[in-house]
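**Q** Here is how the chains run, residue by residue.
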Amino acid sequence: MIASLTSAGQTTTGEAILFWILAIVMVLAAFGLLFARKAVHAALSLVVVMIGLAFMYVAQDAPFLGVVQVVVYTGAIMMLFLFVLMLVGVDASDSLTETLRGQRWIAVVGGLGLLVVLVGVVGRAHYGAATGLTDANADSNPVALARVVFGDYPFALEVVGALLITAAVGAITLTHRRRLSPRVTQRDRSEARVLDGTIAGKPVPGVYARHNAMDVPALGPDGQPIDASVSRVLRVRGQEADAEEYAARIDRVLAGDWANAPATGVEAAALPGASSIEESGQTAEIADEGAVAAAKEQS
Amino acid sequence: MTLTHYVVLAAILFSIGATTVLVRRNAIIVFMGVELMLNATNLALVTFSRMHGNLTGQVLAFFVMTVAAAEVVIGLAIIISIFRTRRSASVDDVNLLKG
Amino acid sequence: MLITGITTDAAWSGSALAPWLVGIPLLSAAVLLLTGRKSDRWGHWLGVLAPLASLAIGVVLLLNMLGVSADQRSANVSLGQWINAGAFRLDAGFRIDPLSLTFVLLVTFVGTLIHVYSVAYMEHDKDRRRFFAYMNLFVAAMLLLVTANSYLLLFVGWEGVGLASYLLIGFWNHNPVYAVAAKKAFVANRVGDIGLIVAMGLLFTHIGALDFASVDAGAPKLSPGLLTAIGLMLLLAACGKSAQFPLQSWLGDAMAGPTPVSALIHAATMVTAGVYLVVRSNAIFTAAPDARLVVTIVGAISLAFGAIVGCAKDDIKKALAASTMSQIGYMMLAAGLGPIGYAFAIMHLVTHGFFKAGLFLGAGSVMHGMDDQTDMRFYGGIGRTMKITYFTVMAGWLAILGMFPFSGFFSKDPIIESAFVPQDGQTWRAWVFGLVALIGAGVTSFYMSRLFFMTFEGKRRWTTKADGSHQHPHEAPALMTVPMIILAIGSVGLGAFLAIGDRFTTWLEPVTGPHPEGSPVIPAGILIALSLVLVIGAAAFAWSRYAVSEVPVIPPVGTLVTQAARKDLYQDVVNDAALVVPGQMLTRSLVYGDRAVVDGTVSGVAKTTLRVGDLARKVQTGHVRSYAATMTLGVVVLAAVVLILGS
Chain U
1 MIASLTSAGQ
11 TTTGEAILFW
21 ILAIVMVLAA
31 FGLLFARKAV
41 HAALSLVVVM
51 IGLAFMYVAQ
61 DAPFLGVVQV
71 VVYTGAIMML
81 FLFVLMLVGV
91 DASDSLTETL
101 RGQRWIAVVG
111 GLGLLVVLVG
121 VVGRAHYGAA
131 TGLTDANADS
141 NPVALARVVF
151 GDYPFALEVV
161 GALLITAAVG
171 AITLTHRRRL
181 SPRVTQRDRS
191 EARVLDGTIA
201 GKPVPGVYAR
211 HNAMDVPALG
221 PDGQPIDASV
231 SRVLRVRGQE
241 ADAEEYAARI
251 DRVLAGDWAN
261 APATGVEAAA
271 LPGASSIEES
281 GQTAEIADEG
291 AVAAAKEQS
Chain B
1001 MTLTHYVVLA
1011 AILFSIGATT
1021 VLVRRNAIIV
1031 FMGVELMLNA
1041 TNLALVTFSR
1051 MHGNLTGQVL
1061 AFFVMTVAAA
1071 EVVIGLAIII
1081 SIFRTRRSAS
1091 VDDVNLLKG
Chain C
2001 MLITGITTDA
2011 AWSGSALAPW
2021 LVGIPLLSAA
2031 VLLLTGRKSD
2041 RWGHWLGVLA
2051 PLASLAIGVV
2061 LLLNMLGVSA
2071 DQRSANVSLG
2081 QWINAGAFRL
2091 DAGFRIDPLS
2101 LTFVLLVTFV
2111 GTLIHVYSVA
2121 YMEHDKDRRR
2131 FFAYMNLFVA
2141 AMLLLVTANS
2151 YLLLFVGWEG
2161 VGLASYLLIG
2171 FWNHNPVYAV
2181 AAKKAFVANR
2191 VGDIGLIVAM
2201 GLLFTHIGAL
2211 DFASVDAGAP
2221 KLSPGLLTAI
2231 GLMLLLAACG
2241 KSAQFPLQSW
2251 LGDAMAGPTP
2261 VSALIHAATM
2271 VTAGVYLVVR
2281 SNAIFTAAPD
2291 ARLVVTIVGA
2301 ISLAFGAIVG
2311 CAKDDIKKAL
2321 AASTMSQIGY
2331 MMLAAGLGPI
2341 GYAFAIMHLV
2351 THGFFKAGLF
2361 LGAGSVMHGM
2371 DDQTDMRFYG
2381 GIGRTMKITY
2391 FTVMAGWLAI
2401 LGMFPFSGFF
2411 SKDPIIESAF
2421 VPQDGQTWRA
2431 WVFGLVALIG
2441 AGVTSFYMSR
2451 LFFMTFEGKR
2461 RWTTKADGSH
2471 QHPHEAPALM
2481 TVPMIILAIG
2491 SVGLGAFLAI
2501 GDRFTTWLEP
2511 VTGPHPEGSP
2521 VIPAGILIAL
2531 SLVLVIGAAA
2541 FAWSRYAVSE
2551 VPVIPPVGTL
2561 VTQAARKDLY
2571 QDVVNDAALV
2581 VPGQMLTRSL
2591 VYGDRAVVDG
2601 TVSGVAKTTL
2611 RVGDLARKVQ
2621 TGHVRSYAAT
2631 MTLGVVVLAA
2641 VVLILGS
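Residue numbers (our numbering), protein chains in the order written: chain U, 1 to 299; chain B, 1001 to 1099; chain C, 2001 to 2647.
This is chain U alone, in the form it adopts within the complex (with noise of 0.2 Å):
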């Protein structure tokens, strides 16, 4: 293995650019996530520390821990947090300005205080040389990991799983709806609509039609145009189609002729090909486009 400190403790240089790096896109991605306003910005904005430290936990000779990083924190944890987002309100956006009189000033000071604290405390320790985990990962990182855990921590470890029972058990119980009002079942719906008077529900456009357009009604068991199974909006905008007009220029499709009826001065080109019923339905396809474009232009 190679050894990642020096007998006196320090980083190999690999490492130290590795986290001069590594530390400024850190940084800057946590006020990120301080001063995001949407918050999925700021979500991925700790994404990327995670990933980060991820980066820095292989460094510092815990490659399990790093990839349980990568694993659970950002590809569980993570996307967590971003499901319930989408779940909240992805575009809910934090207005910048304080509600809590003072608030920002304790913020400041307190965060400023903590770090200046904390890195006081932390610069004035004595640590003592750096040992590096070469040793006590002789046997690979997992496996003397799994030693320390089974070894000294078992019960921890029990408590820690049962905890995550009661997580689960947690979360599903505390996003339970209670459903307020009886479940309507299909037999419900049907038996509504037999005393509606709506039996076979509407047709949707293009059942019972030669057409699935939009604007072409269906036909009812009598040949019929069906009103209803035209959107309203069309109806009322006049942009309904005929239903008649379509039959007859399917017909002539079908007969081996154009759709639309021969216009003065053209002459009438016979269809290329052989009228088999692909080929037909494909020119029809070909035709109809052209006739759609040619009744758009007419109406």
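These are calculated hints, taken from the structure and not from any lab test.
These stretches of chain B come out as covered by chain U in the derived footprint (C-beta under 8 Å, 3 or more residues):
id, region
1, 1001-1009
2, 1012-1020
3, 1023-1029
4, 1032-1038
5, 1041-1050
6, 1055-1067
7, 1070-1082
All values reported here derive from a predicted model rather than from experimental measurement. For glycine and all other residues, C-beta sits at the position ideal for the given N, C-alpha and C.
On the provided structure of chain U, position chains B and C as indicated by the hints.
**A** Positioned in the frame of chain U, the structure of chains B and C alone reads:
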């Protein structure tokens, strides 16, 4: 560069997380500030473990992560419940304990 | 008859009956009050029997006492130890000696007669039984006062008569005026009581005992200044009880009570308790000439005050009240003269008890016949219709004038004589007091004659009754007239009886000491002649103004003196300005102080607590971020402390 730098970085991240809790009003962002503080602590623990040459720090960080996970689950569930009833995700609106 | 535990040192038998003097009326009062309405039908007879029984006991004690020689007559009947407090021991008991027995006989005799009178006078009052209960209570308290063997037990009786007086003045307390009059009497008495309490305190401090025997023995050893102080305090008490200047304002208003009350309490007995106190304390007064001088001055002022006021009063009872004040002024003047006057003061007290009670009962009879009219301007000519009343009142009138040979002559003239006797070589004092007494006698004659003539002589000035019918003054029933007759007989003959052979003076010698001889600056014979001339002249003047000439029904405006006299020489104005208003200001300021300071402090504490709580409450904003801020700051502070201390 000594390992102290890592601890200082952890302190910086910790105080930024604390400030986030104090300043932001959106409950989820406040929660994220708490997560940042926990992460900073984890960094410090890992660094100490490296300093002292045993894995206790890493084990502790591991447990912290687990507990943080459980905590996030419950915390977010609570936020969702509150949001459902009050239609607001602002921590300032949850002030019924006002004296 | 004998209660176990009574000890007596009497040289004569029967002294163990003494406690029953007080006990029987007290028991009767208790029975009448406790049985309530059930005893309404027979209560008044029990009320009459109680003082009669006390009279019987008094007579028995007198007869037994007369059987022994003069120096053996005083007896101390002890009921046992009353107070045992450290070095102070006091027995409760009775002192039966000539002075107390005189008072006992006076109170019970006159009291019984007035009780009999009240049976008929209060016949139409539904609270007659309660009246008799209070009257019996009064008799018990008065007898306790005069027979007590210590100042403290005397004070119990003193307060008891004050209470009875209050209850009886305000007997018809549904009338707020009467209730206020009762309160005024009580408060004025209370002011006097301060004097008695202070005197007792001084006696206790310097002699260490309060019974008369110890005080009489210890008084001569005290310093003159102290004796003067004690004397003045006792005088203050006497002024309160006897309606002397400056505590005289209550007596006129006390006429609000039923007439028997005025007769018994405010003429014959209670108001004389002050004189009794002074004479009983003669050991102190004899040794304190300055206090005695003040007593004489007070007596002289009250004498003049009462006389002036009496001349202008149209209400018959108020005129008699002013006369009472004046006559007690005579007694005080006499008592202040020292050993030369003590006996005369008591003699005048006894005769005054008879004729003043008679006058009051007569006034009550007139009122009874005239439908409770008290304004003399509406009387006139009643003498022709109410004969018995006419003659009994005439007897009292002549007695109070001091006309020979009625009783007043034998009791008032010695006082005037003694006033003219120079003491300690101070002749000017003799002239001043003597002339005041002499001229006072003349004024007394004038206003009492005015009263008599306005009521019984002259033309009828009767108005209609309350229901509109004409007045028919009819003679009172027998139960009222017989006591009046008996009292009239006393008014006529008692004075002579007591004076002949210095009988009364000798009788009182064991208590007052030997009677010194003294020659007045004006010879006695000329004095008697002068006083008779003055008296007859004033009576004739009153005859001409009120019997012969027309008496105006509407009071004429009169001179300034008359107007002042009608307002009791502005006594109420002075009292109000000097005492009532400052007192009310004091109480109001105290109430204000209580409300503002005491209540203010208490509720201020509460308000401050609330306000502090309100301020402290502001920490609980309910905002998570504030709490987080507090926590952060706390952590910073703690860590800073660690940092600083750890370095």
